[in-house]
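Undergrad: Sequence:
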Amino acid sequence: MAGDWACHRLSERLNTRKSRTIQGLGKMDLYAIDSDTESYAETSDSEEDQEECELTYCGHAQNILSSLDESIGKIDNFLSFERGFLHGDIVCSAADPSGQLGRVVGVDMLVDLETSSGDIIKHVNSKKLSRVRSFVSGDCVVMGPWIGRVIRAFDLVTVVFSDGARCEMLLRDSEVLKPIPPILFEDAPYFYYPGQRVRIVHPSISKSGTWLCGSWKASRDEGVVSHVDVGLVHVNWITSVTNVWGGQSSSPPNFQDPKKLTLLSCFPYANWQLGDWCTLSDCEGSLWENSDKSCFMSMTWKSSSDTQMAIGTYGSDYSQTYVVAKTKSSVDVLWQDGSTSLGLEPQSLVPVSTLGDHDFWPGQFILEKLTVEDNGRCQRTGIVTSVDALERTVKVKWAVSVDSDTVSYGDGLTEETVSAYELVLHPDFSFFTGEVIIRSAVNIENSEANLTNGTVAVSRESLDTSSAFLSCIGNVLGYNDEGLEVQWASGAISRVQHFEIIALDRILDDSLESMIEEHTTDDLVDMAEQEKMHLEDTKSALEESAGDCTGSLRKATAFLFSKTAFNFLTNVASSLFGAHDSTSSSSVNADSQYQIVTTAELQPSAEDISEEKQTMELITLFEKPTLASENAMTKGFDVVTDCSDHHFVKEIGHENVKRGWVKKIQQEWSILQNDLPDGIHVRVYEERMDLLRACLVGAAGTPYHDNLFFFDIFFPPDYPHEPPSVHYHSGGLRLNPNLYESGKVCLSLLKTWAGTGSEVWDPENSTVLQLLLSLQALVLNEKPYFNEAGYDKFMGKADGEKNSITYNENAFLLSCKSMTYILHKPPKHFENFVKEHFTCCAPHILDACKAYLGGDLVGHARDSAYISDDGCKNSSTGFKIMLAKLLPKLVTTFSEAGIPCSP
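The sequence shown begins at 1 in this note's numbering and counts up by one.
For the record, the hints were derived by calculation from the structure and aren't laboratory data.
Just so you know, not all the hints are guaranteed correct.
EDC-like cross-link-like pairs, simulated, lysine to aspartate or glutamate; straight-line CA separation at most 20 Å [claimed, not checked]: (1) Lys127 - Glu416; (2) Lys664 - Glu687; (3) Lys326 - Asp276.
All chains should be modelled from the sequences, with the hints used to inform the complete structure.
TA: Here it is as structure tokens:
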């Protein structure tokens, strides 16, 4: 809105200049123009002719050109937007976008201020500016121990009348005061502003207001807005300090007097943008005192007698409001290597939109990653002192516990250089600039014991008044001296340790997770009770049904079924065919080919016998493949028994299958048996046609090469109208954006992610083979980093390609860990395949590891000529450090599995 106003102002000034130029042309002497026409006919290049031409035009041409140059300069000045940065922004050098990253830790800003009448105040320090409204929607506020978010702020408007009377009115509705033309700003960011002429819609509005001068009269219905501020604030209370500490306190009323609220904000001086409205905190450059033009008052309105009287009598009461016309800033940057650059021009920096998972900064608190082999060893906590972004190494100063609540990072400790891939940000002690925090109860107890390490002392006794809590709520300013610098709501700034504060967002996330967990637990209990009742009802129904019916059916139809289909159908025969004397209590209006087969349909009629025979013949078309002569490596498709370790083994619904469902599964099996490509292996189950297990081999050229990836698949009863459910055997590792540690597979084909066209499941055309091919080619690809939602737009860009290289290195490290997990615990029916695969591929895997240790990029072992899209030729030192630690463990795992190999 403010930016639109600035554009509007520029357009008005250019149109005014254009009008003046046209008027100047209209005043040209006609005789001079005629003379000029004659001189052009002779076309002389002499200096005399040029001087005559210039005199003939009386300087008008120069005026035109000068005016155009000035207009173009105004446009260029307006369009020369300066790239703005805020505290905490991540940047890189424009000269080296693939180099190390930096974090903005300081901003100095100068602004030019402009009034509607065109006056300019140049080079004003932004720290002298104030907001037009003390509170706006979205502000974080503090009242006593409570923290809240502003929902809406209601205007308190002061109106000056022509006779000098003044009335202050709290406006809950923007329609109670009507602007009177001429409207100064059609697109003003606020509904009311100083200098605006208004009409009171109903006399009762001003009658209920506060009269600062004079008294209410019904005739006083038009005036000028002299001052606007916030008179009432609607607040959504979030939490309180006492509740965080384990106590209880009732939330205040939602509607509050703004005088009782404290704004929680840091670095407001760095947030100004072109077109923002503001006021000056002192009288420096005040246009009211230094100019004959009143701020935001048109000359037409200013010239009126009523307004002149109001200004002359109450001019000092009018708020001075300005618009930011131009900004000029410089920034201070803390780089990953620990160095700091001061006063950088914004044009020399480039904003970084996405961070890698292994980017760290000095001062951050980190944890050492632990593996299964490290079970029992205490996880170390440290603080980052510097980072080598190119080599992915981090210098860490490890912490030493002083007691259960405090740690020390003393100067006597030695720093250790470790791989960035063996570190993670501390989940509880990671804070970002500007984040809202609360003192922990531990901090309060330590304050009482004078163990606050020089921070602002706070004790429980001092919290008797609401203002005392202003020293318990604040914003993080940044990391400082192995601690955190915090600005409290009281305005004081102090240094704290990471364990002394709690992030507000983390408190809210924990509360939300608790609510979800409680809700989920209740749902699970309800589902368990419903399932138990369902099983009891099913058991009773089976006991009541004719016991010999199933046995007779088995004998009568055994010759019609393949062994696999028969075993499955006999498991669900009771519900599929039912008893002759039972009837169905539900009616199904679906397509006949998808109707559940009921007892009524088994009455001995010629039509039913023909339909049943057709179904049986359809199933017998599939025969169990004869693969006895094939070894585990070449056997792509096989039918097995025992699905006890399948992730979806407890899924229900297969007891009530439909004829169309059986037909579709048969088609899927046939496709898989005949068309499986190399690198995909499938096992289906005799007793459960609704379950399937697939194994994908990581393709060459990817960070997943030579590894195995297992997926459990479940066909729901309404398949193929709904896609199958898929679970990934992760081993607790997240080595791909689409494959989660929990086993969730995020793919549009599965309706677990948005998609269009061929990306989504099509009941008519989509198949399980298409799903497996998508997992192999689109998920486990060469650059999985760009699989992350929205990251594809960074492909080919410096920061995106750099992050992709880092992601590939970490993905291969996790892939090596996954190999050890699979060898220790291979899924059922793939035990032989796993051993034979790694027996065949182990030499290639180990050779690739040696090549990577020699500097080759992941996925391009022994390809020294390969250069990544960001110009990288060698793997990082951090990657080599981690791989050197993993390689002996991988060799040991191969040896324990009986796979011959050499390190």
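Undergrad: Now, for every hint given, state plainly whether the structure supports it.
TA: The hints, checked one at a time:
Taking the CA atoms of Lys127 and Glu416, the gap is about 42 Å. The hint is violated against a cut of 20 Å. Between Lys664 and Glu687, the direct Cα distance comes to roughly 17 Å. Compliance with the 20 Å bound is thereby established for this hinted pair. Distance restraint check for Lys326 and Asp276: the Cα-Cα separation of roughly 10 Å lies within the 20 Å cut-off, and the hinted pair is therefore satisfied.
In summary, the one numbered hint that this structure violates is 1.
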